[in-house]
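Could you put the whole structure together from the sequences, leaning on the hints where they help?
First residue of the sequence shown: 5, per my numbering; consecutive thereafter.
The hints are simulated quantities; they were obtained by calculation from the structure and are not laboratory data. It is possible that part of the hints are untrue.
To be verified - Using C-beta positions, here's what the derived DEER-type ranges look like:
(1) L158 - V136: 18 to 24 Å
(2) F137 - Q114: 23 to 29 Å
(3) L198 - N20: 31 to 37 Å
(4) G90 - L39: 16 to 22 Å
(5) L29 - W199: 17 to 23 Å
(6) L149 - W28: 37 to 43 Å
(7) W199 - S42: 33 to 39 Å
(8) A154 - W28: 39 to 45 Å
(9) Q114 - R66: 16 to 22 Å
(10) R120 - K148: 35 to 41 Å
(11) V136 - W28: 19 to 25 Å
(12) A201 - P122: 36 to 42 Å
(13) W28 - F141: 34 to 40 Å
(14) V144 - V22: 42 to 48 Å
Where a beta carbon is used, it is the ideal one built from N, C-alpha and C, also for glycine.
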Amino acid sequence: MNNEAAALDAVAPQANRVNRFIAWLAVAAPLAYLLLLSLRPWPGDVVLKTSMCVLLAAFAWRERARLLTLALLCSAAGDVFLGIDGERLFVPGLASFLLTHLLYAAIFVQSSRTSRAPLTGWRKVALVAVPVFAASFASVLFPKLGGLAAPVVLYMIVIVTMAVLSLRLTAWMVPVGALFFVASDSLLALGKFLWTAPWISPAIWITYALAQLLIVFGLSELLRDGAAHVDPSSRRRESA
Numbered sequence: 005m006n007n008e009a010a011a012l013d014a015v016a017p018q019a020n021r022v023n024r025f026i027a028w029l030a031v032a033a034p035l036a037y038l039l040l041l042s043l044r045p046w047p048g049d050v051v052l053k054t055s056m057c058v059l060l061a062a063f064a065w066r067e068r069a070r071l072l073t074l075a076l077l078c079s080a081a082g083d084v085f086l087g088i089d090g091e092r093l094f095v096p097g098l099a100s101f102l103l104t105h106l107l108y109a110a111i112f113v114q115s116s117r118t119s120r121a122p123l124t125g126w127r128k129v130a131l132v133a134v135p136v137f138a139a140s141f142a143s144v145l146f147p148k149l150g151g152l153a154a155p156v157v158l159y160m161i162v163i164v165t166m167a168v169l170s171l172r173l174t175a176w177m178v179p180v181g182a183l184f185f186v187a188s189d190s191l192l193a194l195g196k197f198l199w200t201a202p203w204i205s206p207a208i209w210i211t212y213a214l215a216q217l218l219i220v221f222g223l224s225e226l227l228r229d230g231a232a233h234v235d236p237s238s239r240r241r242e243s244a
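If you want it as structure tokens, here you go:
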């Protein structure tokens with residue numbers, strides 16, 4: 005056991021440097037995509053769009069956060085579907101992000117057992133405001149949904165649940181990221197079903213990138229503090 009601990013101590017600095025490098029790449033990728041957003045479509049735009057979540061998945065994997073890795077790979081799949089053809093592949097993209105939010109919700113429930121913040125201040129406001137906003141937005145959106153009504157409403161229920169569950173985590177980045185996710189998807193729905201404007205696409209991307217980065221780095225902070233359980237098997241490995 006002592007030899008294993010010494011080996012881990014020896015590789016930890018190098019592992020941390022690699023993780024930091026991956027994290028910086030994950031921050032740089034969405035900035036690069038944002039700068040080139042107005043030029044779409046161009047060769048490789050889907051690859052660049054997807055690279056943020058792929059890099060974050062690599063970061064999460066190295067943090068031994070398996071559920072988080074899976075959630076990010078689902079997001080990457082959603083980015084691919086919507087990037088290739090946002091109209092024809094909208095439902096597969098929606099399903100991919102639905103899985104992402106279900107996995108995030110599971111992670112938040114597990115993590116809140118040891119990292120539980122009181123519902124005070126802005127968290128209490130968000131607890132009321134998010135469901136009220138979602139219900140109001142859904143009532144405006146519903147007549148425009150047609151055959152997509154059922155999957156879109158289901159998606160809205162899941163993302164609101166995910167956002168509400170995030171409010172109990174002590175790391176502020178996680179609930180703020182979840183709120184950015186609600187904002188991003190609301191803007192996407194606004195642009196797809198109601199009306200569009202030149203600023204909507206950049207706003208969708210900015211809020212989406214902030215959502216993913218804040219959630220992942222917030223959970224990573226909890227994981228380092230030993231308060232997050234983003235890999236249910238980690239406890240079994242530690243006790244073995």
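*Given a hinted range of 39 to 45 Å, is it respected by the beta-carbon distance of A154 and W28?*
At roughly 41 Å between Cβ atoms, W28 and A154 fall inside 39 to 45 Å, so the hint holds.
*Falls inside 35 to 41 Å, the C-beta gap from R120 to K148?*
39 Å, holds
*Could you tell me whether the CB distance from V144 to V22 stays inside 42 to 48 Å?*
For V144 and V22 the Cβ distance comes to about 46 Å; the hint holds.
*Measuring from beta carbon to beta carbon, are Q114 and R66 in 16 to 22 Å?*
Check passed, 20 Å falls within 16 to 22 Å.
*In this structure, is the beta-carbon distance linking L149 and W28 contained in 37 to 43 Å?*
Taking Cβ atoms as reference, L149 and W28 lie about 40 Å apart, which means the hint holds.
_Just to be sure I understand the hint, the distance between the Cβ atoms of L29 and W199 should be within 17 to 23 Å; is that true here?_
35 Å, violated
*Could one say that the CB atoms of A201 and P122 fall in the range 36 to 42 Å?*
39 Å, holds
*Is the hinted range of 33 to 39 Å satisfied by the C-beta distance from W199 to S42?*
19 Å, violated
_Range first: 31 to 37 Å. Now tell me if the beta carbons of L198 and N20 are that far apart._
46 Å, violated
*asked:* The hint says 34 to 40 Å between W28 and F141; measuring C-beta to C-beta, is that right?
replied: The hinted range 34 to 40 Å holds for W28 and F141, with Cβ atoms some 35 Å apart.
*Status of the given 19 to 25 Å range, CB of W28 versus CB of V136*: 38 Å, violated
*Assessment of proposed distance window 16 to 22 Å (beta carbons of G90, L39)*: 20 Å, holds
Violated hints for the displayed structure, listed by number in ascending order: 3, 5, 7, 11.
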